[in-house]
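S.K.: Now for the letters of each chain:
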Amino acid sequence: MENLGALSLVLAFCLTIYSILGSLVGKWKKNPFLTLSAERAVYCVWFLVAGAVGILVYSLIGGDFRMAYVAEHSNRAMPPYYKFASWWGGQAGSLLLWTFLLASYSAVVVFQNRRKFRDMMPYVVSILMTVEGFFLLLITFIVSPFLVLMQGKGIIDVGDGQGLNPLLQYWTMLIHPPVLYLGYVGFTVPFAFAIASLITKQPGDDWIYTTRRWAIVTWFFQSAGIILGAGWAYAVLGWGGYWGWDPVENASLLPWLTSTAFLHSVMMQEKKGMMKIWNMVLVAATFFLCIFGTTLTRTGLVASVHAFAQSQIGGYFFGFLGIGIAGTTYLILDRLEYLKTEARLESVVSRESSFLFNNLILLASCFAILWGTLFPVISEKLTGEKISVDGPFFNKVNIPIGLFLLFLTGVGPLVAWRRSSAESLKKAFIAPTAGAAILIAVLVAFGIRHPYALMSFGLCLFVAISVLTEFYKGAQAISIKDGKNLLAAAVELTHRNTRRYGGYVVHLAIVMMFIGFTGSAFNKDATQQVAPGDTVHIAGYDLKLLKLVDSDNENYVGRKAIIEVSTNGKVLQTMEPEHRFYKASKQPTSEVAIRRRLTEDLYINFAGMSDGDAKGVIQAYVFPLVSCIWIGFWILFAGTVICLVPSKVRLQYARTEVIGIAKKPHAASQIHN
Amino acid sequence: MKTYMKFGLLVAVIIGTLGWLAAGGIKETKTYYRTIDEVNKLGNAAMDQRMRVGGDVVDGTIVRAGNEVRFTIHQDALKLNVVYDGIEPLPDTFRPGAQALADGKMRPDGTFHATKIQAKCASKYEAKPVQKQPVHAEKQASL
Numbered sequence: 001m002e003n004l005g006a007l008s009l010v011l012a013f014c015l016t017i018y019s020i021l022g023s024l025v026g027k028w029k030k031n032p033f034l035t036l037s038a039e040r041a042v043y044c045v046w047f048l049v050a051g052a053v054g055i056l057v058y059s060l061i062g063g064d065f066r067m068a069y070v071a072e073h074s075n076r077a078m079p080p081y082y083k084f085a086s087w088w089g090g091q092a093g094s095l096l097l098w099t100f101l102l103a104s105y106s107a108v109v110v111f112q113n114r115r116k117f118r119d120m121m122p123y124v125v126s127i128l129m130t131v132e133g134f135f136l137l138l139i140t141f142i143v144s145p146f147l148v149l150m151q152g153k154g155i156i157d158v159g160d161g162q163g164l165n166p167l168l169q170y171w172t173m174l175i176h177p178p179v180l181y182l183g184y185v186g187f188t189v190p191f192a193f194a195i196a197s198l199i200t201k202q203p204g205d206d207w208i209y210t211t212r213r214w215a216i217v218t219w220f221f222q223s224a225g226i227i228l229g230a231g232w233a234y235a236v237l238g239w240g241g242y243w244g245w246d247p248v249e250n251a252s253l254l255p256w257l258t259s260t261a262f263l264h265s266v267m268m269q270e271k272k273g274m275m276k277i278w279n280m281v282l283v284a285a286t287f288f289l290c291i292f293g294t295t296l297t298r299t300g301l302v303a304s305v306h307a308f309a310q311s312q313i314g315g316y317f318f319g320f321l322g323i324g325i326a327g328t329t330y331l332i333l334d335r336l337e338y339l340k341t342e343a344r345l346e347s348v349v350s351r352e353s354s355f356l357f358n359n360l361i362l363l364a365s366c367f368a369i370l371w372g373t374l375f376p377v378i379s380e381k382l383t384g385e386k387i388s389v390d391g392p393f394f395n396k397v398n399i400p401i402g403l404f405l406l407f408l409t410g411v412g413p414l415v416a417w418r419r420s421s422a423e424s425l426k427k428a429f430i431a432p433t434a435g436a437a438i439l440i441a442v443l444v445a446f447g448i449r450h451p452y453a454l455m456s457f458g459l460c461l462f463v464a465i466s467v468l469t470e471f472y473k474g475a476q477a478i479s480i481k482d483g484k485n486l487l488a489a490a491v492e493l494t495h496r497n498t499r500r501y502g503g504y505v506v507h508l509a510i511v512m513m514f515i516g517f518t519g520s521a522f523n524k525d526a527t528q529q530v531a532p533g534d535t536v537h538i539a540g541y542d543l544k545l546l547k548l549v550d551s552d553n554e555n556y557v558g559r560k561a562i563i564e565v566s567t568n569g570k571v572l573q574t575m576e577p578e579h580r581f582y583k584a585s586k587q588p589t590s591e592v593a594i595r596r597r598l599t600e601d602l603y604i605n606f607a608g609m610s611d612g613d614a615k616g617v618i619q620a621y622v623f624p625l626v627s628c629i630w631i632g633f634w635i636l637f638a639g640t641v642i643c644l645v646p647s648k649v650r651l652q653y654a655r656t657e658v659i660g661i662a663k664k665p666h667a668a669s670q671i672h673n
Numbered sequence: 674m675k676t677y678m679k680f681g682l683l684v685a686v687i688i689g690t691l692g693w694l695a696a697g698g699i700k701e702t703k704t705y706y707r708t709i710d711e712v713n714k715l716g717n718a719a720m721d722q723r724m725r726v727g728g729d730v731v732d733g734t735i736v737r738a739g740n741e742v743r744f745t746i747h748q749d750a751l752k753l754n755v756v757y758d759g760i761e762p763l764p765d766t767f768r769p770g771a772q773a774l775a776d777g778k779m780r781p782d783g784t785f786h787a788t789k790i791q792a793k794c795a796s797k798y799e800a801k802p803v804q805k806q807p808v809h810a811e812k813q814a815s816l
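Taken in sequence, the protein lines are chains A and B.
Take 1 as the starting number for the first sequence in this note's numbering and just add one per residue.
Take 674 as the starting number for the second sequence in this note's numbering and just add one per residue.
FYI, nobody ran anything at the bench for these hints, they're computed from the structure.
Note that CB positions come from ideal geometry on N, CA and C, so glycine has one too.
Check each hint, because a few of them may be wrong.
To spell it out: a stretch of chain B is covered by chain A in this simulated footprint if at least three of its residues, at any positions, have a beta carbon under 8 Å from a beta carbon of chain A; those stretches are [said to hold, decoys possible]:
(1) 683-697
(2) 701-711
(3) 757-763
To give a feel for the contact side, a few chain A residues facing chain B, derived at Cβ under 7 Å [stated by the list, open to error]:
(4) G238
(5) W239
(6) G384
(7) S388
(8) A607
Bound-form chain B, shown alone (with noise of 0.2 Å):
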């Protein structure tokens, strides 16, 4: 039975290790998702979890200025501006108008520091139905 003594010893080990790694990368990386709304109604305790917030793009505030990208986002009449400087290129769907998800934290200014956009558009993968004829196109089993 010593055997398994050592194997069970070495399992725990292993398996607590990193059950440790995980919850710590949990701990450090989660991210709540926030609408504009929540964010506000949280005040300074915002600025000490990360958060993904989502809104539509207004149009004319896309800034790029060196690495920083400055730009608003609303959600009815709510605002947030955000500055984003993370390395991967803005995504091709990001534009004016696009609805666009903001993963970072908040500044002490009052601004969303992102460091990562995803931009969600009704045509990312999956085309839009096709709306060219009359508006009324349905689709129906044929048989």
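Extracted from the complex, chain A is given alone in its bound form (with noise of 0.2 Å):
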């Protein structure tokens, strides 16, 4: 079985060299047949690497522990499903993972795109499957999931596995791996349609058309693999932490912040023509950001919790990322004439400009994360001692930049494109305005004097006022029109231009992920060891620990504790975080136990014995606000769904179409190029 698995990967990785050169010199020849051929050749891959992805899942749901990824990631005891995920559980299971989604992703481009993009197609076929083939080199010839274990000449059965750590022994491990894949994994293609268009000077912004709706799922998955991400740590850490700056979550975040800035520059190109550099560039730099960040997780560049065994491939990624980089910025230098802008800011005051500081906010912050994250790489390279920055510094430098962005979202609907007179600026930002002061007073009088936490829930208000406004003057002026009710129409005006008003339902969802973010200034926690019957006090509640209940399955031994909640006098209700020990990983973890409400979660966590035995070590915490974010989760999926539907209408914008190099006599400014 190993060997078809491996063999398929041989093939596949051939296939994909047949299928880059074939592209290439098909189109050099004009031979539309081996063009074909070559295009067909995806197809193969995409079977070949399903293949050995399902008999290695075969192999790890079946236990054959003769194969060392086995023996490593799987045990007999695990629940089917975990035996699943296990496929992702370690390094090289992880790069197949990558590897059969850019498959499966190359597949559907060339499905969708068969009769369309003659021209370009050679070259988006072979950008996708020179990154294919640079995965498909990795698992083939340098960590290979199929491999087995020897002794002397003989391969050995051991019997069992390790099993998978204990910590990814949660739902999450299910879903979380392969949504944040399928972001890093899907910015290939516009990516690759970012140079094909580029290679082929093609004269419009036909790329951008094509690839938005990837460039919008994808942004999706990112979001969603991030959030899942920090539900997940919510949920099994032990003290409540969602965020923790860690290399490896910056790392996901880096293409996020890339990928947000060109959903939004993206417009600016679409609707006035501008900005076509900086849309090429960050679409580049969201890719590399995404190997990037796979470099990180697979390479233990820089310590972190995550950090999967050292391994000897960080030498071909960085290799790649090189490579890439370089000769991306070749193209694009090479190509400035193709990427003119047609159209000039105005005015400082104008919904161009509030894109413009969007994307120059949201790049600082990208810039400031890496900056962070690789401090201890640089500051041992340039003064020989390796020193670290926390999350103080992230938070110091983030919380501003998220209160300025916020702020802008509240701004980008109230202000005009080109320019805004004063008197419209007025009549717009009274209301919102108005409301975040009056909100801001109200909590200075309840005594909350944390000062972004102010500033904060103040332009969450804002935000929320100004969007809201733009959803009812609009569907005020077709309820008017059609006699329509107020919800009916602001429906049918969310279907006429879906990605314009879907876009502010996910921006809707960013205010609530704020809120929850800001809950977390008014955190409470307390930490002690109590013997069964006595107490603990925290933020009115009373935590009495009834009992301790010890149990045994063949996975893990437990214990919980039996914990009665009430707040003056009243109980609400038992709560029981266990601690287990895990038999074959041999492995410690904790199964926090949280009351969620929409104003606060109660967490408990039974963080072991003291005293010899004789008290259990009770943390419990309160996190005010905390639910907002994973209810934010929602409404973002809602609004990205929303900005999916087609739009009932097909707006026209006017402006001019640059056919082949119109040489312009301004010459480009400045700025935005």
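Make one complex out of these two single chains by using the hints.
M.R.: Below is the structure:
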């Protein structure tokens, strides 16, 4: 079996090379049959990689403990779904997942465009296959998932495996890695189209029209992956942290920031023909940051809780990144002529400028996070001393950035394209600003003094009012004209321009999340050692330890703390945090108990025993508003889905199309170029 | 060109503010990686900087007292007493013999006051190589 798996990966690798060469030679020699066969090879690559995946998953579930990967990441006692998830439990399997997802995406791209973009597609195919080939190279020759355990000259079967790390045995393990990878991998497609359009010197913005759906979908997967990871950390790490500025978390955030910037600035190109170079740069930056993120996760460059085994594949990744970045830079510089802007900025107070600042800020945040993440590496190279910067650094820079972004989110809909008059600004700003000011005054009156928290809550209301006013105004106009009620009119309005109003829904989701983030300014915690019968007090809750209950099954031994939660003498519920010891991996873990409510979560961790097994260590936390983050995620999902529904009304933008290189009298302006 | 001047100014102000914040952030939170030996050599100067010190947790030294946890780490013959009182619970992998990284500052009494503990365990995420059968199990490509 393992031979078949390895063989299909080798064949897939050969086919990617065939596909790259076939596309390019076919294009060069103008042989449509060769390019077509190169495209078909993409489907074959998918079948072969899928076959390899099937074999690995079969071995994992069937428990073929002759195979090193199976023995290291699976065991007999785990339930089948975790056996399946151990596919991406380790290095080689994760890379196989990457490869499989890219193969699937490539097959979809080839199928969708089988009759379109005949001049561009050979390049698209060869770029996709180059990336695919790189990953196949890694899993075929360097970290193969199909190694068997050998002793002397004989293959041995170790009988049972190590099992998945207990921290990973949580339902999110089933979806967080694939979803995040769908996001990481997906940006290869817009990148391939962008580069192909540069190579073929496409005059228009075709690559943007074809890939904007891809961009939105993969952006959603990135967001979902990040939030799922945060929710996972919150529920398993035992202290309620959902974000710790860990290098690997940062690595997943970096491409998200650039792709968010891209989704915004792409509108400038669609509507005004501006920022063309910038969009190229953003798409390329996002793609390379995705690869860079994979590098960080996979090579242990920076010490991290996620750091998987140190490995030798770092060099290959940096080689790939280096060549890719150099090639892209050369292409963009060489094709500057084709990326000329068609309009100029007219005013600092305009929709354009709000997009511009949005981009600037997102990129600044991205740069600051990248810098902070790589600080230990950089400082060691420069000064010889390894210095790291921690959470406080990231917070210090990113909290003001986040608040400013939130502000821009509210300002965007209020200012007009091109320029806004002072009169119209006054009218548009008055309601949101007044609302925010009143809210802040009320909060201060209730004794809240935290400056960032006040600003954040104020801005959240500012944005909410500004966005909802947009819906209200539009809906009212339709309702007057068509005689519909306001709600039906709002649905109609959204349907007419789904991307705009779906985008606003996403903005509301971001507001919701900011409310949740801001809640963390009011977290409370208490740690106590208690014997059965004792009580812990925290933020109005009384937690009484009733008893300790032991359990034992083939996967782990556990001890539960049965805790009665009451407030003002009224019993609310019993909570049962558990401390487990996993047998296969010989690791302890804590299963926290969380009482989730809209206003605040009560979070109890049973950290183990002390005083010679007489007392249990109970750590209790209260996290206000944290549920808003997870609710925000569902709103974000809804908003993204709305964006993907085709608009009812085709919008025409008044803008000039550039055909070929038209030399314009004015030199390109400096800022947005 | 006036519009562009305004833009330039605004951009400069934003970048400047962020740069200033970042510089301040780095100054406040930079943490030096140090060995116990280096900490001892620094003497009193060690009290001025945040450090991350690594060592193995000595058996039988972990004592809990209220919100505090005290323990000793060692590197070869050198030992360092650590007091931890951060809000995060100690990681599950933190136990006698494990390699621990403590973040914090030295106190005048010679103990290390940690606000964050990371325990590094070979099997943190990647399981150890299989060692069930007689020792020389090694991986080999099947093709």
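S.K.: Now look at each hint and say whether the structure bears it out.
M.R.: Now for the hints, and whether the structure bears them out:
{"no.": "1", "hint": "683-697", "in the structure": "holds (count 9)"}
{"no.": "2", "hint": "701-711", "in the structure": "holds (count 6)"}
{"no.": "3", "hint": "757-763", "in the structure": "holds (count 4)"}
{"no.": "4", "hint": "G238", "in the structure": "5 Å, holds"}
{"no.": "5", "hint": "W239", "in the structure": "4 Å, holds"}
{"no.": "6", "hint": "G384", "in the structure": "11 Å, violated"}
{"no.": "7", "hint": "S388", "in the structure": "5 Å, holds"}
{"no.": "8", "hint": "A607", "in the structure": "5 Å, holds"}
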